[in-house]
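Q: Just so you know, the sequences run in chain order D and U.
Heads up: the first sequence at position 157 corresponds to 157 in our numbering, and the numbers run straight through without jumps.
Heads up: the second sequence at position 92 corresponds to 1092 in our numbering, and the numbers run straight through without jumps.
No lab work stands behind these hints: they were computed from the structure.
Treat the numbers as computed from the prediction; the structure is a model and nothing was measured.
Here a beta-carbon is modelled for each residue, glycine too, at the ideal position from N, C-alpha and C.
Please note that the accuracy of each hint is not assured.
Claimed, not checked - To list a few chain U residues with every Cβ distance to chain D over 10 Å, as calculated: (1) 1031; (2) 1047; (3) 1070; (4) 1073; (5) 1138; (6) 1158; (7) 1166; (8) 1213; (9) 1252.
Said to hold, decoys possible - Lysine-lysine pairs mimicking DSS-like chemistry, simulated, CA-CA at most 30 Å apart: (10) 66(D) - 152(D); (11) 43(D) - 57(D); (12) 16(D) - 66(D); (13) 152(D) - 1148(U); (14) 57(D) - 99(D); (15) 57(D) - 1012(U).
If you want the building blocks of each chain, they are given just below.
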Amino acid sequence: MTEREQGIWHALESVKDPEIPPLSIVDLGIVTRIEFLENEQPKVTLTPTFSGCPALKMMEQMVADKLRELGYTHPEVTTTFEVQWNSNMISEKGLAALKQHGLAPPPRHDGYIELDVLSDTPCPLCGSRNTTLQTPFGPTLCRSMHYCNHCKNAFEAFKPVG
Amino acid sequence: MELTEKHVEGLKELLYKMADDQLIIGHRNSEWTGLGPLLEEDIAFSSMAQDKIGQAHALYELLEQLGEQDPDTVAFMRNDTQFHCCQLAELPIGEFDFSLIRQFFFDHAEALRFEMLQNSIFEPLAMVARKFRGEVKYHTMHADIWLKQLGHGTEESKTRMQNAINETFGLALGIFEPGDYETELQEVGIFAGEAALQAAWLEKISPIVQQAGLRLPDISEVTPAYGGRKGIHTPHLQPLLDEMTEVFRIDPAADW
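Pulled out of the complex, with its shape left as it was, chain D reads as follows (with noise of 0.2 Å):
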């Protein structure tokens, strides 16, 4: 990786998800590629966590105004489905974050993802697994809502896609 990719890998970790403010899209794993065009502009490929997520547009737009605060004129974002997200893709910080947000973040997965995998998410406030879940929809596709049967909260949880 050459330095001023490397550089603009590192400025994209400012850039973070509109609906879960401490996690980076970098961290979210939707950046997928960055390269140079010809014109020495830089190229940030993306790639949706859901298909109908409506906060793509508005991170490729994040993602350009980031671009352009580091002086690049004509920078080009685009998304595609080269690279499927899934869940895995989330870094260790960025499931850190997840939970600093009080959201309980996706257990790694194998792929295979079953109902039970969701069924004693950890309580993201107090640790307990004796939780239950109460629907795998939630404000926003990628969350899921439980409760915790031991510190009586009702919480979120980002959901495995698998």
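Once you have looked at the hints, place chain U on chain D.
A: Only chain U this time, still in chain D's reference frame:
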């Protein structure tokens, strides 16, 4: 093997029916927003709607790359006879039992379709199929849980589920209406075809239905509701399109 014009036509036909299915059933699912029998169901159907409309968009983008018009124009500027969704997708939401059974039949079919397409030689389609598969997993889980719960619930819930199965099975078979290019798509490895998909679907759903204490009608006695793939629709599609496209028709450049 090189793709001829017929292969490309077949590919477009496949993409149109998949995209139109997703858009129309997605729109129908969204009609449960605010009306679900439980808050969780309201959210579930709304989330599934959002997934399906996102998937429709990605499929319309593939069509655009093959020379068709842009996604908004394709989604909002056609009349019912130009749509290729199956009739199952376009029917009003009805009661919750119908919507659940429709979701069960349809989502298992599409999950299997995406699974088959993961290895399509048309790589752009294979890539989105790999992505959609993980998303739809949550949809089939949702359908399976409810089928089991209501199949083993009260007398009323069992009767309602069984009646909904009986009334919806022929419509579901309409998903697998053969296209004009089945052979072409198979010979190059774009798609294994509707007949193969229907067989895989029956094999997949039969044990789930049985475990829910319900039964599927005898397939030889049911007439599949064909026509949707060729633009023949029920009277329910055009009013849906009129509603969906109202803003676009008033102001195509509207932004929010």
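Q: Checked against the structure, which of the hints given earlier come out wrong?
A: The structure breaks hints 2, 5 and 10; every other hint is satisfied.
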